[in-house]
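Asker: The residues making up each chain are set out below.
Number of protein chains: 2
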Amino acid sequence: MERFEFHNPTKIVYGTLEASKMGQWLNGVAKSCLLVMGKGSARKSGAFDRVAGSLKEYGIEFKVLEGVKSNPVLSKVEEGIEVVKRGHLESVLALGGGSVMDTAKAIAAGALMEGANIWDVFLGKAEIKAALPIFTCPTLAASGSEMNGYMVITNEETGHKLATGSIHVYPSVSVLDPELTVTVPKDYTAYGGVDAVCHLMEPYFNGPAKYTPVQDALAESLMKTIMNETMACLKDPSSLDHRGAMMWGATLALNGLTKAGVGEHHFPVHLIEHAISAIFDVPHGAGLGALLPGWMRFFATKRPERLRKFAIQVMGVHPHGSDEEVIQEGIITFSGWLEKIGTPSRLKDLGIGKDSLSDIAHNASFQASIWGMDGVYSGDVIHTVLTMAY
Amino acid sequence: MERFEFHNPTKIVYGTLEASKMGQWLNGVAKSCLLVMGKGSARKSGAFDRVAGSLKEYGIEFKVLEGVKSNPVLSKVEEGIEVVKRGHLESVLALGGGSVMDTAKAIAAGALMEGANIWDVFLGKAEIKAALPIFTCPTLAASGSEMNGYMVITNEETGHKLATGSIHVYPSVSVLDPELTVTVPKDYTAYGGVDAVCHLMEPYFNGPAKYTPVQDALAESLMKTIMNETMACLKDPSSLDHRGAMMWGATLALNGLTKAGVGEHHFPVHLIEHAISAIFDVPHGAGLGALLPGWMRFFATKRPERLRKFAIQVMGVHPHGSDEEVIQEGIITFSGWLEKIGTPSRLKDLGIGKDSLSDIAHNASFQASIWGMDGVYSGDVIHTVLTMAY
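Chains as they are written, first to last, in numbering that gives the first Met the number 0: chain R, 0 to 389; chain W, 0 to 389.
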């Protein structure tokens, strides 16, 4: 195990119908909030009425910022910062998926930036020193943003989708109400499962080769559970049992627990996917699914022992047979899961032309330089991965 | 899954030789501390020199409270409270195992009690409203006290060993330095493994029968890992890989993660063990080992499906065969692990006479009434468990 610090101060409140009591957590902390939402599903599902009703009950004033889209954009963040500053709002409350939560975090930090703007932070040119209190009420099991200090924003002018993080943007309280997720359509339910599983895979595969039995065991057990629960949610979308298990599983998949101690590691699949969705605006989970089996074939040439372990421990492949056979069967079984839940499992499933691979590689290599990954993931290496995933 | 709140604000710093940098975490938070220690092992191993040296480096004044024993006693807590009050000490730093950490927590809370004393809290007659900042530097992988808000103290006058908890006694920072644990003797290494595994077992077995796949998967994977790592530490006591994995595993075993969402649950094995060690002063982990197989035989008559799952998922029993066969093999395999690591696996291994079972049951049933468990664990039921474990 490598040296690590683990500090996750977010309070989680899990329970059916807890969204209707959201106001109690802001009460005493902030007299007002910016309520950040997506493109309408929270109004349609009744989630907005529940949360807004509870805010009113506790006398919390709020302004609404609506229309956050998947692959959330910087202009929306800037709009939110303006509303917060103009209204002297004291906190930010996200009601939505990862895009909404990430937008809310960027607003909460951006509203208190001095002498720099929030995009400078994504570019590594400025640091977050404070943020307004952040509350989240996720409506999708996927990003894990409700229990971590990360956010991903796309600058639509430059076409870059970048990630950053800070201890100041951990939500104060996140309310996980599985009832809010029963209306999530099948495709986004599946994309959420892929995203959560990929959050577990990246530190599992991409750390230095250290002895990390605790982290491995946690990641493997969460991967298996989330894969099962994704299938169960698709079969029985209104089951609070399955929606709830998937929600908590997705939260734990990126709350820092399974990566603490694995050492410095990369998120290459996320890196490349961000380039794809910055250019083609595909759903994040669909992009990840399209990349993963190809990336696994590439990675099998680098660290076969990890893919063998994954195949046996997560995909249930029998450990007889050569490394090559076991790994091959593991990747096929994983692709089979992607197909069963109806997500892309190859790049061409996204309708992207093979002639676009160079553009994607170029965009991704710019991000790699910001993430400090260009030594390992050059444009050429990324192009190889893309070709193997096509 | 049941409604839950999960909020664990403790910052964990893991790494070899991190104890030598302990002072940095108090720096800026407190100008002084009470350094709480056990009966001499921290001085012998050099842990005291490292921590004290770092405190001096940062100019943190400290007084030492030494001599905390296993099954820590109230009189020591009261002595510590006096030293803190007299010296106007601003924080408490525990350097030791679970007994030292629990004593430190009780001192940190007791020093700020008004109009009541700390034992009233254990009796359920008063509440903790504040505590001095608590720092821990565990020297044993066992209790998990370094990342939770619980403490267990024995009142030697009344002969009762009671547990209580509060959000205020979560340590601010806990430094896990596996180097400090390489000198732990074999018997206490093994007892620590049993304690950590038992912390995972109690919520796993004793919650209401709900659908908790995430919690089950986490608990099962941690149980397996800790069992393996205990054996590995005994085989190779100086291995930082194994000591480190065991240390982090034991921390996660009782940090609230695997029990959040399982619903109201009891800790019957801990309850009965507390009675045993209150009367006979045996090491906590030895008492748990002596009870567990017997308690499993008792519990198999109540919830066979959970014991079957445990046998298959944790002990690796092949799922063919009847429930009875699978369960029986699971318990035998678990007893075999206890024997391999050299801990008691029956009550008589502790040298306790059969005629003492009534006294133990009587003591435990008093605690059961304080824990609100007397409905399920009456004196008669406890006596039955004791008889099956003898």
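Hints listed in this document are in silico derivations from the structure and should not be mistaken for laboratory results. Only a predicted model underlies this, so the values are computations on that prediction, with no experimental measurement involved. Hints are not guaranteed to be accurate.
Chain copies aren't distinguished; within one or between two, either way the pair holds.
The calculated DSSO-like cross-link candidates involving lysine-lysine, where the alpha carbons are at most 27 Å apart (straight line), are [unchecked claim]: (1) Lys30 with Lys55; (2) Lys124 with Lys68; (3) Lys20 with Lys128; (4) Lys20 with Lys124; (5) Lys209 with Lys10; (6) Lys209 with Lys38; (7) Lys128 with Lys10; (8) Lys62 with Lys209; (9) Lys223 with Lys55; (10) Lys234 with Lys128; (11) Lys209 with Lys20; (12) Lys234 with Lys209; (13) Lys84 with Lys308; (14) Lys223 with Lys43; (15) Lys30 with Lys185; (16) Lys301 with Lys43; (17) Lys185 with Lys209.
Asker: Now tell me, hint by hint, if it's right for this structure.
Answerer: Structure-based check of all given hints:
| no. | hint | result |
| --- | --- | --- |
| 1 | Lys30 with Lys55 | within (11 Å within a copy, 44 Å between copies) |
| 2 | Lys124 with Lys68 | within (26 Å within a copy, 53 Å between copies) |
| 3 | Lys20 with Lys128 | between (30 Å within a copy, 25 Å between copies) |
| 4 | Lys20 with Lys124 | neither (39 Å within a copy, 30 Å between copies) |
| 5 | Lys209 with Lys10 | between (31 Å within a copy, 23 Å between copies) |
| 6 | Lys209 with Lys38 | neither (44 Å within a copy, 35 Å between copies) |
| 7 | Lys128 with Lys10 | both (21 Å within a copy, 19 Å between copies) |
| 8 | Lys62 with Lys209 | neither (49 Å within a copy, 39 Å between copies) |
| 9 | Lys223 with Lys55 | neither (41 Å within a copy, 48 Å between copies) |
| 10 | Lys234 with Lys128 | neither (45 Å within a copy, 48 Å between copies) |
| 11 | Lys209 with Lys20 | between (44 Å within a copy, 24 Å between copies) |
| 12 | Lys234 with Lys209 | between (39 Å within a copy, 20 Å between copies) |
| 13 | Lys84 with Lys308 | neither (51 Å within a copy, 55 Å between copies) |
| 14 | Lys223 with Lys43 | neither (32 Å within a copy, 45 Å between copies) |
| 15 | Lys30 with Lys185 | neither (38 Å within a copy, 56 Å between copies) |
| 16 | Lys301 with Lys43 | neither (47 Å within a copy, 46 Å between copies) |
| 17 | Lys185 with Lys209 | between (38 Å within a copy, 25 Å between copies) |
Of the numbered hints given earlier, the model fails hints 4, 6, 8, 9, 10, 13, 14, 15 and 16; all others are met.
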